[in-house]
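> Dock chains B and C with the ligands against chain A, hints included.
So the protein lines, in turn, are chains A, B and C.
By this note's numbering, the letter at position 107 of the first sequence is numbered 107, and the numbering carries on one by one without gaps.
By this note's numbering, the letter at position 34 of the second sequence is numbered 34, and the numbering carries on one by one without gaps.
By this note's numbering, the letter at position 177 of the third sequence is numbered 177, and the numbering carries on one by one without gaps.
Please keep in mind that the hints were generated in silico from the structure rather than gathered at the bench.
Think of the CB as a built atom: it goes at the ideal place given N, C-alpha and C, for glycine as much as any other residue.
Don't take each hint at face value.
[Claimed, not checked] Going by beta-carbon spacing under 8 Å, a handful of chain B positions derived as facing chain A:
no. : residue
1   : R46
2   : V50
3   : I51
4   : E52
5   : R55
6   : T56
7   : H59
8   : I62
9   : G75
10  : Q102
11  : A109
12  : I112
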Amino acid sequence: MRDTLDTTEEISTGRRQFTQGVAALGGLAIAPGVFLYHAAGAKPDDQAVSSQQRWGMLVNTNNCHEECDACVTACNEENGVWSLGRPETDAQWIRKLNVRDRQTGHVTSMPMMCQHCEHPPCVDVCPTRASFRREDGIVLVNKHTCIGCRYCMMACPYKARSFIHEPLQDQLPHSPRGKGCVESCTLCVHKVDQGDNTTACAEACAEEGHEALLFGDLNDPESEISKRLEKYGGTQIRADLGLNTGVRYQGI
Amino acid sequence: MLMFGTVAAGPENIPPPKAKYDEDTLCVEPVEIMRRQHFEYILDHRDRTVIEGIRTKKHSLIGCIDCHITPNDEGVYARYSQETHFCASCHQFAAVRIDCFQCHADRPAEAIREALKPDQHARRPVQELLETLQFSTAVFTK
Amino acid sequence: METARFSTIHANSVQYWILLGTLVLGALVGYLAAHHMDVEGHHITGMSNQIVWGFPHVAAVFLIVAASGALNVASISSVFGKVDYKPLARLSALLAIALLVGGLVILVLDLGRPDRLIIAMTVYNFKSIFAWNIFLYVGFIFITAIYLWMMMERKMNRFSKPAGFTAFIWRLILTTGTGSIFGFLVARQAYDAAIMAPLFIIMSFAFGLAVFILVLQASYAWTQRHLGDAILHKLRVLLGVFVASVFYFVLVYHLTNLYATEHHGVERFILVDGGIYTFLFWVVQMLFGCVVPLVLVFIRPFSQSRHMISLAALLVIVGGLAQLYVIIIGGQAYPLVLFPGMEESSSFFDGVVAQYAPSIFEILLGVGGICLSLAIVTVGIAVLEFLPESLSDKALKLESVTP
Ligand code: SF4
Ligand code: SF4
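Next up, chain A with everything else stripped away, as it sits in the complex (with noise of 0.2 Å):
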């Protein structure tokens, strides 16, 4: 067994092969084990997201079925948010919002989540600035730093956010969540910065041959979520609070 090697030199030897390896080798495999994914058009992994994007979603209620909980399955596998059997304090990112016009009786039917906010209350209130908007726009709980204080609860308008209630196990790597913090819905933000350019909920939704939500760039006038939102426009709930959302609703 060999268990001094640190000499100054190595570790400088160290991170330059680091360095050169990533350099020569790109997105392919530097170390057994240990790769370096890439769709096309996505981030280097090495570089940090910025306000060029702004990610938003379009929900298109024509489009959605009330009977469907496709998204709300496919959020809880992707993200490994499991009922406990207790619905009042089991975590919900994603859920299925059902809202009745009294006089006509005509029913609308939508996903309700994190509406990723320009302006976001939650982060606002938020004493410890765990809760913070990334420069892409996703909204995000830096569960290092939450405290479990629940204001962001008391402040989000969209009734948006969770608190984990009990220790959990079992945890997704690409998704930690435990006791005492608040979490909601992350826009996918390990597929985002992965280049998916997609959520699990819109996958599951178009996979279900609604194509009820639609991920996209909100910035880039050329995607598809920018278009169709110019073309046929797209509503803020509770457009009044000036939050200036990042999840848009046709058919409301």
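Leaving out everything else, chains B and C with the ligands in the frame of chain A:
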């Protein structure tokens, strides 16, 4: 053979890591540095991943777990609650308490997915009970 | 003009130790309850994703609000120059610190991650009114402690007036801050009101004075010191004025809400068909917390009885807890409105009134915090000179009054 995963005092039966990250340093940084300072790398990387969306694997906790937590001869991955878990083996010995695995996966994705299969799910408490029993009998028979 | 002589109370009676023991035990049980909540997670409490702040927050906000109000007596003497109240200033400041500590401990122990308190103390989001409150609370304890020192240390006496003034301003800001915690929640129908902050200030006057009167009466009766009618009846009248003001502000709050159509739903909920919240509002808060104390305090023969003054103070406290319960929990029970005028339903309790019943752990935690506050006072008056030896009319050079 170079067992860079094994710490002097840890239990001997920790499955070896998947691979040597680097032929010279063996791990992502020289082993001696990793032993003492791995958390600094992880902490630094953590904030950059969460806040800036930097997703390099080199110093990421997922990377550590993917490589270091491997199945034993029976194909079973140790949990952090067991002393044959790579991280736990040393933390238990050094009486270090961390809360990483309250939220983070303590095993690679494939192991978690396996544990989450519906039939496995139902059996889990029993299995854990058995493991605990085995562990305690092991203590007695020593 | 410092005429009163102060002394510590003698902590050698059995009763004293029984009292202190009970309070410490209560605080300890509260801590254990909180620890259990922390280990098991909040699912063992009545709180949920609908009611995220529960009974611990009611108790904590009550203590914090009462803390700033308890300082009132000191402020009246130092800021408004009413020398009659001066002998009471020390106790008033001690009580303020003790109540605030009790309230803060509850808040911290109810956090999802109480182990990360250090983060809350070191990382500030200056946009967050919550973070400002942490700063205000710590500052309040600090300033009040300095104020106490100025009062108790003869050499420092001349600074006690500016210190008292600072403490007074600080406490007004503090209560505004506490009220604003709710006032900033624009999306919640029940809290979207500018009057929240002044309402909290006036509530603090009433609750703080009620606690002060009870503690004063108890500590004088149990230590066989003389508490004269003159000073007590001054406090009595003051309590009446404060309670009447709370009444007025509650009235204005609901009337303005009734004026705004978008708030009709939540108003109807609290005032008419909210079940427990409607009951708490009308019966406990308004009847027993406002009307009855006003009668006891202002109408003979009740107003002449010390027991009735105590009872009035106690009722104000009970009414205050009910009021905060209605504001904090009732405000959350009423569903968020995403689509005004529409019927909403989902798997996440949209459009339905949320159910909440405090668990035993939450109640123990809340009561534990109150015990902690009182334990601090009990120890405080035994180790430092907080209480004047006599508050008789003669000692205070006050004219005897017949109430
Ligand atoms: S929807 Fe709620 S949780 Fe999401 S960003 Fe807006 S305020 Fe925050
Ligand atoms: S619960 Fe966490 S994320 Fe939410 S406001 Fe409190 S500290 Fe911030």
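> State the violated hints by number, sorted upward, taking the hints as numbered earlier in the document.
7 and 9
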